[in-house]
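Asks: Sequence:
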Amino acid sequence: MLVSNPLTYLYLKRPALTCCISYVQPNNHISLPPRNAVAVWSATIAVWAAMLTGTALGAFWLWQQPDLLASDDALFFSRGLTFFSVMEFSPHFPGYPGFIWLGQALLSITENSTEAILFATRSSSLLLPWLSYGLLRAVGCSPTNALLGFLLCITEPLLLGLGLQGLSESPALCWLAAACWLIYCRQYSLTGLVFGVCLATRPSYAPIVLPLILWFIYYLPECRRRLLFGVGFIALISLGFVLAHDGTGYFIEGWRFIDGHFSLWGNSMLMKSQQQNWYQTVSGYYGNGLVLLIALAGIAAATLFSLLNKAFLYKHSADLENSPEPPVSITPTKNSRNPAKRIEFRYLNPELLITTILLISGLTWTLIAQNPDNLRHLAPIIWTGIILICLLLNKVNHSIQWLAAIVLTGASIWHMQLQLRWNPTAPAIHQAMEWLSDRQPSILVSNHGIELLRHNLPAFAVADAYYPGTAKRIIDQGGWRLSATQLDHSNLLLTARFLARSPADKPLWIYHQAVRK
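Under our numbering, the residue at position 175 of the sequence shown is numbered 582, and the numbers go up by one with no gaps.
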């Protein structure tokens, strides 16, 4: 079929991208095949019913849990809503100004800072599946695959459990999904602002997001200025916000924090001695972490190879003008560095390359620089993997799409059933504090929730287990040992265990000195 108008060609070939096209010339008549209106409306109602039901169930589980903070970082964030100072760990470095602004905006409709940050994270966990659905529809996925993406996000126990943590992961993922959606709607100025807010909400996502931003800047010259202006504008506001509160001391604290993370307490791969690796962490969550990592790496490698096999074909303008049909592309038609050439991507799904960039950068940053003790660091990888799976399934026939949707959704629901505690349950750290409050006040040494314990157990002298000499001396004196990892010492007796309510939380064990015979 010979189509002279590129906009008409895009409309015919990629119906999901019509939201990005505001003009179709009236002299090009488009005849679409008749469709069964009843079947269309029935499918639409079924999709919306499934999405609303999943959202309602997720909201019910999130809001039935008590409003309690589960970590020191969440406590620092709650303090930062009323008094911001990175120097005083209110919150900790790098300050997370975007998350603080969001919490301060919600503080006016909630009773206290704890409810404000929990409302922000709960709402973000429920909003992420909707943004994922919109993104998948915008890039051309079928309603089946877009619905699959929604269901996998809403039933993923880690992504849902992040709503109870009061941390910045779930809002940052929402901003990232919104930015990817907006760039497909060609809202470049707004995309830059949203990318900037994403990085302001969680600056540690910079190694994950910046490669994607650089890719857009290089291959979309018409959006370069607007994208850079949006990101730079939010970055300058964020930097000015933290400097107004802490001055140049912010940079001193930043150097101390970064040096400590990579050399002392961060437990990353860059440290000489790593207590726990990511294989052990993922194995405890999925059952066999090696299989999962190999599968993700295989998907990324296969996708990247297939795309590079078809992409980056440089042709002169004359060759492209003589082409009977323009290629489907979200890239510009001219290379600003050399107007004599035009760059076109002749693969049908350029979004696969974008998602692969996100997945590879996320895997690299997380495996090398993040702490395996915190499973929540896998959240961007899991979300990107869900989007990539849906994009790959969009290339197969409709029957396989439905079969894969049923199998994957069933497996995700089964996994959620195993990982979540459905009754209203306090975080493990609060269960431990309630158990200790009934005991005789003594000395307590812990490697988790030091500030929470000191704040809620004033009768106990709480010491940090990071210093092994101090921890051993306290235990020898009859003190308690609270640990977020199961210990195997002959001189320690397991006294109590407290289960986590979600994978984003941590189970805890309490030990006491064994009685020597």
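Any given hint might turn out to be false.
As the list claims (entries may be wrong) - FRET-style restraints, in silico, Cβ to Cβ: (1) P628 x Q824: 44 to 54 Å; (2) L646 x N804: 48 to 58 Å; (3) I516 x D666: 19 to 29 Å; (4) R663 x F490: 16 to 26 Å; (5) L899 x Q683: 34 to 44 Å; (6) L894 x R846: 53 to 63 Å.
No wet-lab data here; the hints were simulated from the structure. For glycine and all other residues, C-beta sits at the position ideal for the given N, C-alpha and C.
Asks: Now, for every hint given, state plainly whether the structure supports it.
Replies: Against the structure, the hints:
| no. | hint | verdict |
| --- | --- | --- |
| 1 | P628 x Q824: 44 to 54 Å | holds (49 Å) |
| 2 | L646 x N804: 48 to 58 Å | holds (51 Å) |
| 3 | I516 x D666: 19 to 29 Å | violated (39 Å) |
| 4 | R663 x F490: 16 to 26 Å | holds (21 Å) |
| 5 | L899 x Q683: 34 to 44 Å | violated (19 Å) |
| 6 | L894 x R846: 53 to 63 Å | violated (19 Å) |
When each numbered hint is compared with the structure, violations occur for hints 3, 5 and 6.
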